Amino acid sequence: MAKYLLLKHYRGAPAAVNDVPMDQWTPEEITAHVQYMRDFADRLVETGEFVGECALAPQGTFVQYGGEGRPPATDGPFAETKDLIAGWMMIDVDSYERAVELAGELSAAPGAGGKPIHEWLELRPLLTTQLTITE
Amino acid sequence: MTSPLDEALLRSLTPNVLGILVRRGADFAAAEDAVQDALVEAVRVWPADPPRDPKGWLVTVAWRRFLDATRSDAARRRREDLLDEEPPPGPAQAADDTLQLYFLCAHPSLTPSSAVALTLRAVGGLTTRQIAQAYLVPETTMAQRISRAKRTVSGVRLGRPGDVATVLRVLYLVFNEGYSGDVDLAAEAIRLTRQLAAAIDHPEVAGLLALMLLHHARRAGRTKPDGSLVPLAEQDRGLWDTASIAEGVEILQAALARDRLGEFQAQAAIAALHADAPTADETDWVQIVEWYDELIRLTDSPVVRLNRAVAVGEADGPRAGLAALAGLDDSLPRHTAVAAHLHERDGDLATAARLYVEAADRALNLAERAHLTRQAARLNAVLRR
Numbered sequence: 001m002a003k004y005l006l007l008k009h010y011r012g013a014p015a016a017v018n019d020v021p022m023d024q025w026t027p028e029e030i031t032a033h034v035q036y037m038r039d040f041a042d043r044l045v046e047t048g049e050f051v052g053e054c055a056l057a058p059q060g061t062f063v064q065y066g067g068e069g070r071p072p073a074t075d076g077p078f079a080e081t082k083d084l085i086a087g088w089m090m091i092d093v094d095s096y097e098r099a100v101e102l103a104g105e106l107s108a109a110p111g112a113g114g115k116p117i118h119e120w121l122e123l124r125p126l127l128t129t130q131l132t133i134t135e
Numbered sequence: 001m002t003s004p005l006d007e008a009l010l011r012s013l014t015p016n017v018l019g020i021l022v023r024r025g026a027d028f029a030a031a032e033d034a035v036q037d038a039l040v041e042a043v044r045v046w047p048a049d050p051p052r053d054p055k056g057w058l059v060t061v062a063w064r065r066f067l068d069a070t071r072s073d074a075a076r077r078r079r080e081d082l083l084d085e086e087p088p089p090g091p092a093q094a095a096d097d098t099l100q101l102y103f104l105c106a107h108p109s110l111t112p113s114s115a116v117a118l119t120l121r122a123v124g125g126l127t128t129r130q131i132a133q134a135y136l137v138p139e140t141t142m143a144q145r146i147s148r149a150k151r152t153v154s155g156v157r158l159g160r161p162g163d164v165a166t167v168l169r170v171l172y173l174v175f176n177e178g179y180s181g182d183v184d185l186a187a188e189a190i191r192l193t194r195q196l197a198a199a200i201d202h203p204e205v206a207g208l209l210a211l212m213l214l215h216h217a218r219r220a221g222r223t224k225p226d227g228s229l230v231p232l233a234e235q236d237r238g239l240w241d242t243a244s245i246a247e248g249v250e251i252l253q254a255a256l257a258r259d260r261l262g263e264f265q266a267q268a269a270i271a272a273l274h275a276d277a278p279t280a281d282e283t284d285w286v287q288i289v290e291w292y293d294e295l296i297r298l299t300d301s302p303v304v305r306l307n308r309a310v311a312v313g314e315a316d317g318p319r320a321g322l323a324a325l326a327g328l329d330d331s332l333p334r335h336t337a338v339a340a341h342l343h344e345r346d347g348d349l350a351t352a353a354r355l356y357v358e359a360a361d362r363a364l365n366l367a368e369r370a371h372l373t374r375q376a377a378r379l380n381a382v383l384r385r
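Chains as they are written, first to last, in full-length UniProt numbering: chain A, 1 to 135; chain B, 1 to 385.
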């Protein structure tokens, strides 16, 4: 078993095929999209491959150690930062192939016109602890 | 033969049993652990072998656990002094014990999250695992939070009256968390507030209980089966729980009659006016605005002023609502959503659509974000025609 993080980006990923902002969809299309995401997570719970998920607000702050006896420095958000994570889902699957298959399925979530968004999702393996038997 | 476990009974006995142990001389932290052990044991044993006297059973088992846990000589000496303690308390003493526990678990030295966790465990009788699930944190994290909280209050002397307001804030926090996992925190908050109302005669306790009942009554109408939000005006009022509304209104009226108004009574009065309207159009917005004015006098919170602007928009029209909104800090949560709604009612759909998108961007939870995005999409569809 191996854990993977699926990352969805507000920005930083290449443009999706069906790249229409959500507020330009019909309300029914939004409902269908939300339902697809819920069903996807439910299905992974059933197959025993779901670990967790969370959506993130777009507003973020950069924080830095401010030096001895001083409060932390805060800054941002920086407009030039290319990458902005929108949310994550963690899965625990048997193979890399299975992880790719699931990410593909998630990327097929319907968008404008009810057609798949073809959104680029980032798939990142988690570094694991050392196995008991390594030789 | 096994009988189903009466979990409600078990949990309702928790503060009482804990109070008895503490009065027999056990320190709070050790007694609380012992009671928790006894609860776990009860869940295991009772279905096959239900006790004739559940409270007596719990006291006996918890006290034995406590004695097992305190094995030092000093503890043994003390135990000998303690063994022939007073007889079991009467109902008045039990109510007083329960009240003391509420004060202790909401002690001002605790952070809100610690007070909430300790209250749910020591007064509510929930297990650490259940509390951890409800708040979506690992069980070890929750266990640590609870044991730190117990250390924090370990020096507090029981028997001194505390501040009811701090207890009410903790219960309000529990209620607002809603439900996730297998524990319904809203229902649990109602149960704990009801138990508090039985232990102390205070109009704000009644006010909070009424407020919770009135909000809880609308729960079935608030979301669709797919989880999406339904705004108050569009809710199917047939789904509201009329028995809960009737109880909330009755408790509120009795509290208001005592003429010691507080913020929870005022909030409950607003909830009651919504619950009372057969249709959204028949809502008495003028009276709701008056209650918001009352609330501002009592608390003067910016959130109340924001909600007042919504009510003013309904009572006196969207322009008046926008005027009421004008002086408020636009970084307030939901400020943009309120502005969008008022602009839509004023007929400025383009501005409203833009603001709904912005509000979705700032939404505090997923359901709200989906709802606001849907509002924007709805208006954009109209504008395209």
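Hints listed in this document are in silico derivations from the structure and should not be mistaken for laboratory results.
Computed from a predicted structure; not experimentally measured.
Treat each hint with caution, since some may be false.
What the hints assert, rightly or not - Partial list, derived from the structure: chain B residues whose beta carbon lies under 8 Å from chain A:
| no. | residue |
| --- | --- |
| 1 | P333 |
| 2 | R334 |
| 3 | A370 |
| 4 | N380 |
Built from N, CA and C at the ideal position, the CB exists for glycine as well.
Each hint, compared with the structure:
Below 8 Å, beta-carbon pairs count as interface contacts, and P333 (chain B) has none with chain A, the closest being about 11 Å; its hint is therefore violated. Restraint check, R334 (chain B) versus chain A: the minimum CB separation of about 14 Å is more than 8 Å; hint violated. Annotation: interface hint on A370 (chain B) holds; nearest CB of chain A at approximately 5 Å, less than 8 Å. Here the hint on N380 (chain B) is kept, as its CB sits about 6 Å from the closest CB of chain A, short of 8 Å.
Hint violations for this structure: numbers 1, 2, all remaining hints satisfied.
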